[in-house]
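Number of protein chains: 2
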Amino acid sequence: MSLTAVLAQIDKNLPAATERLLELLRIPSVSTDPAYAEHCQSAADWLVADLERLGATVSKRETPGHPMVLGHLAGEGPHLLFYGHYDVQPVDPIDLWDTDPFDPALQDSPEGKVIRGRGASDDKGQLMTFVEACRAWKEVHGTLPCRITFFFEGEEESGSPSLIPFMQQNAAELSADIALICDTGLFESRVPAIITMLRGLAGLEVEITGPQRDLHSGMYGGLVRNPLHVMAGIIAGLHDENGRVTLEGFYDDVPELPDEIRAQWQALSFDHAKFLGDIGLTEQGGEVERTPLEKLWSRPTCEVNGLWGGYTGDGSKTVLPSKAHAKFTFRLVGQQDPDKIIAALKSYVHSAVPSDYTVSFKGEKGAPAAQMSITHPAFEKARKALSDEWPDAAAYVGCGGSIPIAGFFKDILNMDAMLIGFGKDDDQIHSPNEKYDLESFHKGTRSWARVLAELSKP
Amino acid sequence: MSLTAVLAQIDKNLPAATERLLELLRIPSVSTDPAYAEHCQSAADWLVADLERLGATVSKRETPGHPMVLGHLAGEGPHLLFYGHYDVQPVDPIDLWDTDPFDPALQDSPEGKVIRGRGASDDKGQLMTFVEACRAWKEVHGTLPCRITFFFEGEEESGSPSLIPFMQQNAAELSADIALICDTGLFESRVPAIITMLRGLAGLEVEITGPQRDLHSGMYGGLVRNPLHVMAGIIAGLHDENGRVTLEGFYDDVPELPDEIRAQWQALSFDHAKFLGDIGLTEQGGEVERTPLEKLWSRPTCEVNGLWGGYTGDGSKTVLPSKAHAKFTFRLVGQQDPDKIIAALKSYVHSAVPSDYTVSFKGEKGAPAAQMSITHPAFEKARKALSDEWPDAAAYVGCGGSIPIAGFFKDILNMDAMLIGFGKDDDQIHSPNEKYDLESFHKGTRSWARVLAELSKP
Chain A
218 MSLTAVLAQI
228 DKNLPAATER
238 LLELLRIPSV
248 STDPAYAEHC
258 QSAADWLVAD
268 LERLGATVSK
278 RETPGHPMVL
288 GHLAGEGPHL
298 LFYGHYDVQP
308 VDPIDLWDTD
318 PFDPALQDSP
328 EGKVIRGRGA
338 SDDKGQLMTF
348 VEACRAWKEV
358 HGTLPCRITF
368 FFEGEEESGS
378 PSLIPFMQQN
388 AAELSADIAL
398 ICDTGLFESR
408 VPAIITMLRG
418 LAGLEVEITG
428 PQRDLHSGMY
438 GGLVRNPLHV
448 MAGIIAGLHD
458 ENGRVTLEGF
468 YDDVPELPDE
478 IRAQWQALSF
488 DHAKFLGDIG
498 LTEQGGEVER
508 TPLEKLWSRP
518 TCEVNGLWGG
528 YTGDGSKTVL
538 PSKAHAKFTF
548 RLVGQQDPDK
558 IIAALKSYVH
568 SAVPSDYTVS
578 FKGEKGAPAA
588 QMSITHPAFE
598 KARKALSDEW
608 PDAAAYVGCG
618 GSIPIAGFFK
628 DILNMDAMLI
638 GFGKDDDQIH
648 SPNEKYDLES
658 FHKGTRSWAR
668 VLAELSKP
Chain B
218 MSLTAVLAQI
228 DKNLPAATER
238 LLELLRIPSV
248 STDPAYAEHC
258 QSAADWLVAD
268 LERLGATVSK
278 RETPGHPMVL
288 GHLAGEGPHL
298 LFYGHYDVQP
308 VDPIDLWDTD
318 PFDPALQDSP
328 EGKVIRGRGA
338 SDDKGQLMTF
348 VEACRAWKEV
358 HGTLPCRITF
368 FFEGEEESGS
378 PSLIPFMQQN
388 AAELSADIAL
398 ICDTGLFESR
408 VPAIITMLRG
418 LAGLEVEITG
428 PQRDLHSGMY
438 GGLVRNPLHV
448 MAGIIAGLHD
458 ENGRVTLEGF
468 YDDVPELPDE
478 IRAQWQALSF
488 DHAKFLGDIG
498 LTEQGGEVER
508 TPLEKLWSRP
518 TCEVNGLWGG
528 YTGDGSKTVL
538 PSKAHAKFTF
548 RLVGQQDPDK
558 IIAALKSYVH
568 SAVPSDYTVS
578 FKGEKGAPAA
588 QMSITHPAFE
598 KARKALSDEW
608 PDAAAYVGCG
618 GSIPIAGFFK
628 DILNMDAMLI
638 GFGKDDDQIH
648 SPNEKYDLES
658 FHKGTRSWAR
668 VLAELSKP
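Quick note, the sequences are listed as chains A and B, same order. Count along the first sequence starting at 1, add 217, and that's the number in the working numbering. Count along the second sequence starting at 1, add 217, and that's the number in the working numbering.
Extracted from the complex, chain A is given alone in its bound form:
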């Protein structure tokens, strides 16, 4: 079957494919906020209908949360499972968006055309690159070079609570030769990349309570400990002067980088000054003795994602507040155990608050880091396919983010997973003004068409 014709069909389809993506982006499928539950259903319905147009056998599967979409499309070659997620992040702070996040549009930018809107890059745009590649194969040849299972989730941005039970209950239906995941980016916005390691995640929300009620800072200040000061001390104490996390046993299960991987990463000549410069910074943070790529890909972190307490409105209120709150997450590597890290944080918080304070925890969650089996032959085939499409040869890279599903495919379904994506560093995913380059969408679709062709080869 001719790949050339398929690529030409993708080029021809681009305007219509873009319209389809805009339609999906208009559905505000924010998974973390119950007010948007109905829209998550709509996004799932939209995908069911679109896959049916491809000729797939599709069903929407209800879960205790948002539904899964599961579709099967016949094909000749190996059996691939493609995973993506149709849910999106909340849009706050909404006043920093230049356009309505759910009224997406194709816009001109100094770097070319972009698709602007919440979910354009994470993950609706990426997900649709694969769907559009399948559509072009189908339109040109009437069939696909591989057998495909589509697996779309609607809870990725809210911790995927239904994912593991669903995978366990539908293990047979989900089984395939390898899983493909499109939720990552190009290295340095340019080099096609296959992820070989992902950091894990551990999260916990902490509330500390000092005085039983908010106090007048004049009447009580000086004798009563301020919970905001105590929380600040807790946060400040989590890193030492070398940027290392101070929690007991935190580095116990963190391996050193193998020399071979270190050499590969060195060859990437990562421009960290540009990486920082793009976000207005010049100074590196983090562990002083590590290289920038190690810090981003193979070293664990501890971050406060949210912090609040006291009076945060306009003007001044001289309150000595009762409570302080912080949301913590850790990025994990190697064999770090999320439960052990969370236990260490709890123990540290308890030891750091005054004895008359109370502490409560919630939002506990965790997923270990993942390491891909690049000895699987699909990896080298995909690397060739990507290198054929893009000006730069494809690279094996790490990823600082956490995509727990990669580990789940291995642990629950005993399948290897290959993460390939076309996002760029300035896509502003999880932030206002999210976008996906039209080039990412177009060449991403062409990339998958090529990957399907390569993987179908013996």
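Among these hints, one or two may not hold up.
Which copy? The list can't say, so a pair holds if one copy fits it or any two copies do.
[To be verified] List time: in silico DSBU-like cross-link candidates among lysine-lysine, alpha-carbon distance up to 30 Å: (1) Lys563 - Lys579; (2) Lys660 - Lys579; (3) Lys491 - Lys582; (4) Lys534 - Lys557; (5) Lys534 - Lys641; (6) Lys627 - Lys579; (7) Lys579 - Lys534; (8) Lys491 - Lys534.
For the record, the hints were derived by calculation from the structure and aren't laboratory data.
With the hints as your guide, set chain B onto chain A.
Relative to the frame of chain A, chain B by itself:
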């Protein structure tokens, strides 16, 4: 002139005096909400009429905000200015009130009769103790033992924007031998108290910006410094392990407590365990080497009143935020200069942020501490008068809060001010279900009758 007859008249008048106070409390003179402006006028009119009934020459004086009430009542002895405020706090949250805040009533409570309603204690009830004392003197003797100027404000709960200009423009008319202010409380709800020192205030809001936009904590975490961590470090660094504020020069203008005052405070046998226990705490905070009353009255503090940044909604968002915010206030003592303290905080913040961060400040404000001249003979006279009325001898106490008007009398009119009040710790001022004990109202009125008698003595 017989004081005994005046006190008997006050006892006889109590039911009528209570009715008058209830009438004033029925006027919803909330100063901060423009919807109540007319009611502020009504409260001022009510006071004008009541002072006229006493035989005073009274006028309502318009300001850009709510009016002042200024009245003069002839008398034999020294010239006293009495200050109070007729405006009240808003009543939100209204659903936490057990009764209508503006349908006040005399109620039975386990601790005796209370006058329940907004403004009962702050400050209409307190203000009327003085007016009723004058009324009894007038009724019994046809004249007063002192010459009185009444000065009632209607903007105290909304920042007193008209106060300084009014004092400057009417300096001659407001001049008297000493100012009396009735807006404070009994020490430990029991001991009559004269305030001899008030802490000052300095405030500043700080915003620090690291990366230009919110980042994905997986993609950037480890290489990029988190502004929430930097802010936590700034806050944690503001106190040393002994609870002292670390800002350069912070204690330069903080005097040691004179031995005489220290001995007086020691004699008060302040029950700090009960004070902390009432708010659910057992441990003292603050400077380790200071006594509880020093910490509350004569030592400066640094408090974060509000702190925020990142994602603070429900659930989790793995953001590495662009900005962190904190609102700081300092309680000042002695000769501490608010401008100098604010400059020291700014300089510290600049030194504590990474060189590629930006910092911005707003909401700068300050007022120095006030120290009363207790060598003024009126103080010992008032102390004797209060000690005669109450079971406990009156005490000279400090006040950790900031009551700027005391300083204004000194700075603008070159008058000393004496702060005496009869509020109790559980009056719930600024909160739902505000009350004033009938005992506070009754013995407060008797206290002022005695103070007038003492001050009239040569």
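### Message
Hints numbered earlier in the text: which of these fail when held up against the supplied structure?
### Response
Numbers 2 and 3 - these are the hints that the structure violates, sorted from lowest upward.
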